[in-house]
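Participant: Chains as they are written, first to last, in this note's numbering: chain H, 254 to 496; chain L, 3 to 192; chain X, 3 to 477.
Watch out, some of these pointers could steer you wrong.
[Unchecked claim] Estimated spans, in silico, between C-beta atoms of each pair: (1) X:Ser57 to H:Arg379: 28 to 34 Å; (2) L:Gly151 to X:Ser121: 54 to 60 Å; (3) X:Trp67 to L:Asp87: 41 to 47 Å; (4) X:Ala39 to H:Glu317: 31 to 37 Å.
[Stated by the list, open to error] Listed next, the stretches of chain X that the computed footprint assigns to chain L, with coverage defined by at least 3 CB atoms under 8 Å from CB atoms of chain L: (5) 183 to 192; (6) 243 to 255.
Honestly, the hints are just simulated from the structure, not real lab data.
Beta carbons: idealized from backbone N, C-alpha and C, even for Gly.
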Amino acid sequence: MKISLLLTCTADLLYPASARASVEVLEKLGVEVKFPRLQTCCGQPWLNTGNLEGARRLALHTLEVFEDAQTVVAISSSCADTVRNHYAELFPDSPALRDRFEALGQRTYEFCQFLHLVVGIKKMPRHPDPARTTYHSSCRTLRGIGLRGVAEEYLAQMFVEDFVPLPEQETCCGFGGSFSVKLPEVSGRLLADKLKNITTTGATRVASLDLSCLTHLSTGARRLGLAGIRFLHLAELMAGALK
Amino acid sequence: MSKAEVLERYIRMAQAAGTVVERVAKAELSVRLAALLGEEESSKMAALSASGWPEGLRESVEAVLASCGFEVTMARKDQSGYSWDRVRLGAASVGIVWCEKYLAETGSLVLTTGPGMGGLASLLPEISIVLSDADGCLEELAEYLHLAGAALPARMTLVTGPSRTGDIEATMTTGVHGPGKVVHFILDVD
Amino acid sequence: MMKASHNFRKASAAAVADEVLGAAVEKTATLLFSGRASAAARYPGFEELRDWGRSRKMEVSGDLWRFARRFADRLEAAGGVAHYARDAREAVEIVEGIARRLGAVSAVKSKSMTAEEVSLNEALLKAGVAVTETDLGEFIIQLAGEKPSHIVAPAIHKNREQVADLFHKALGSPPGLDVGGLVQVARKTLRERFLAADIGITGANFAVSETGSIAIVTNEGNGRLTTALPPVQIALVGIDKIIPKLYDLTGILTLLTRSATGQVVSSYVTVITGPRREGEEEGPRELHVVLLDNGRSSLAAGQFREMLHCLHCGACLNSCPVYRAVGGHAYESVYPGPMGDVLSPLLWGLDAYADLPDACTLCGRCAEVCPMRIPLPEFHRRLRVLRTDLKGKKAAWKALVPAILAGHPMLYRAGLKGMRRLLSSGPGLSGLLKAGPAKAWSLCREAPRPGEGPDFRSWWEQRQKGPKGDTDEQG
Ligand code: SF4
Chain H
254 MKISLLLTCT ADLLYPASAR ASVEVLEKLG VEVKFPRLQT CCGQPWLNTG
304 NLEGARRLAL HTLEVFEDAQ TVVAISSSCA DTVRNHYAEL FPDSPALRDR
354 FEALGQRTYE FCQFLHLVVG IKKMPRHPDP ARTTYHSSCR TLRGIGLRGV
404 AEEYLAQMFV EDFVPLPEQE TCCGFGGSFS VKLPEVSGRL LADKLKNITT
454 TGATRVASLD LSCLTHLSTG ARRLGLAGIR FLHLAELMAG ALK
Chain L
3 MSKAEVLERY IRMAQAAGTV VERVAKAELS VRLAALLGEE ESSKMAALSA
53 SGWPEGLRES VEAVLASCGF EVTMARKDQS GYSWDRVRLG AASVGIVWCE
103 KYLAETGSLV LTTGPGMGGL ASLLPEISIV LSDADGCLEE LAEYLHLAGA
153 ALPARMTLVT GPSRTGDIEA TMTTGVHGPG KVVHFILDVD
Chain X
3 MMKASHNFRK ASAAAVADEV LGAAVEKTAT LLFSGRASAA ARYPGFEELR
53 DWGRSRKMEV SGDLWRFARR FADRLEAAGG VAHYARDARE AVEIVEGIAR
103 RLGAVSAVKS KSMTAEEVSL NEALLKAGVA VTETDLGEFI IQLAGEKPSH
153 IVAPAIHKNR EQVADLFHKA LGSPPGLDVG GLVQVARKTL RERFLAADIG
203 ITGANFAVSE TGSIAIVTNE GNGRLTTALP PVQIALVGID KIIPKLYDLT
253 GILTLLTRSA TGQVVSSYVT VITGPRREGE EEGPRELHVV LLDNGRSSLA
303 AGQFREMLHC LHCGACLNSC PVYRAVGGHA YESVYPGPMG DVLSPLLWGL
353 DAYADLPDAC TLCGRCAEVC PMRIPLPEFH RRLRVLRTDL KGKKAAWKAL
403 VPAILAGHPM LYRAGLKGMR RLLSSGPGLS GLLKAGPAKA WSLCREAPRP
453 GEGPDFRSWW EQRQKGPKGD TDEQG
């Protein structure tokens, strides 16, 4: 099986380790990974702030880069959601483009979703380095790409009783893209609530499939001096377990 | 669903909504009603609907009320139709009406208007007592609407449990505008 | 109603800082939210029912005025009077006219967001009619001189102590009453007003086109009293409240009550078809229904048509992280929360409520609970697009430039490299944090730091070269 990695600009800028781990995990599980180097950003920031022209440009660029790919795997949920569920509607007046974007969307997956649905991974080995771990199921993972319970299942297999579900896990962490800087007070309040829930689990690791949420959570934790908690992409933990 | 099951369901749903449901044989009604009224401490005024009752039932209810020391107020009929004595109605602590149909799906009574039907008797007093026949129970609203057809009353109210509010700290409290207690006597035919 | 310069950031920042408010809103919203969740789960076929409900409302919003006219015909056939109001001003004038003709001095009112929408109370007060709100929550905020902060639970922002204090001061009740005691005080006070009122004012949860009936749903019974005791009833009904057939009531009621409070059905559902009939002893002798457009028919013609399907159940408010954090007042509109973010700009102008479309993290929870499956997050996005269009060419261009750059692989990579360097260096960053979005970011967060190790692209290239010195064939 061959996939093309949609790195996402967040990983490109901030999360090289998550991206490296994703490649390692995919390869370990027998997936051949390609990395189209001309890729940039999926355009989500423009889509969500109402600048459709910008979103269209980046959608078209992404289409150009990935159109020949058999399968696309994105390593952040919100980007996968953008490609899967929002590209086509950017081009209401061009049925031909819509079709091409719909086709691209149908073969684009989020990393964990891909492992679960396409590769059919049912089980993860125990992680050699157990530590209390919890999971932030981002809104876009839950309600964008519709993945519920899968990452939790993998985590429970890797960490057994060291995996602690996060209370109020369906509630938004308050990132929301431009929301985080347009309404920083509300964003900060939701962030604080989320971090409070995280600390009650006693976890020292927080895994997620959404890198933007992780940025928001980790920088917020740093502000509060919560030094003992690491924020990781699920792939990083999987890479450790599969070593 | 059999008739008995439908009735069972009504009782379950009505109770869940806070209605007190009592099944009584017709012959026992007087005793049970008297027992209920005997507990009633406040004003000894009862409001009664004037019409809609099955043959003779209103008179036996009036007799029970009298034996328990209750005065009765009813809407009176003159040339312009029925009207209440608002002062007496306002003083009533108990209201008693007949209800033809009630719904299992939601545990609701269907109260309709008509001359002398006395809807206010089931609305203004603290305690609302409602009497029905066991075979008045329908499965759901759709069935009722089907039966009623085009003949809609001016006002039809589905009453499901007591008047309640959660407007202060979401604390459920009954009796805010309408009755705080609804008792439904279901009369068995035998 | 219109706000000249609503500033949601400022209002929300203040609200977030108010702990009493936060706790009160959170408590009720959580209860209503979980009530809805279990009520939906307990009803087999709830998801199908949502689809069905949506399709019924689609039919109506596809031809609003046809349904409205038929409603009016049937209402008049049943002895009621139908009025048409194009906007808030006309609606208010119609009601004032009726009040003046009757020489009315007092009215009782059962909760109506539509009446709030046209500021009816204020207008009637000027016309010499004292209006008493009879829904307990509305009564509380009327006494407090405030505005509702939730479309179903208007006094959600107040705790018991605050209400006890208010009743003590305004109604002379003993201080420190518990909830039961407060409810009794309200009962006594309001009962007198019901009995004395010249007019009963209501909204309607539904208006049935087929029969000319209106349905009013309450738990307290104030809807039933308002329509039973006063000699005249005036119902103010948005034309979006119409449902095609009486039978539709069965499913739509289920959707409404389960979504609003999690109840199987509310305590009182009153279906009114015309005024009091001959010989009857209750109900109004005159029944007026004011059918209000106020922008609704133009909504029906556009991309926000589905907003007209809203049942005003409040489920989206209870599910919304922003609403729960700030409460209703920060929105400065009768319609707060997700549905309000969309409706307020549509009804009163995007310039008046320019920043409400931003009051959303796009988390998608509201769409998940909305009984009518209104795509609320998508509507927030669309409003942001409209706003961009309004801002003009220059602003659009300013937003577009970074997209053009980002779409160019070399420039994108160069830009990223620069950013990475900036974020990795302490001093460069602190300068950045003093302004604009970076400053807002740093209000509660540190600057992000690029992760350890080589960046992904260099790592990948290194790896591709590998022992055999291959290079990636793509690129
Ligand atoms: S938008 Fe949907 S969830 Fe929100 S109030 Fe309207 S019907 Fe209810």
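Participant: Determine for every hint whether it applies to the structure shown.
Facilitator: For each hint, the structure was consulted:
no. : hint                             : in the structure
1   : X:Ser57 to H:Arg379: 28 to 34 Å  : violated (50 Å)
2   : L:Gly151 to X:Ser121: 54 to 60 Å : violated (41 Å)
3   : X:Trp67 to L:Asp87: 41 to 47 Å   : holds (46 Å)
4   : X:Ala39 to H:Glu317: 31 to 37 Å  : violated (44 Å)
5   : 183 to 192                       : holds (count 6)
6   : 243 to 255                       : holds (count 5)
When held up to the earlier numbered hints, the structure conflicts with 1, 2, 4 and fits the remainder.
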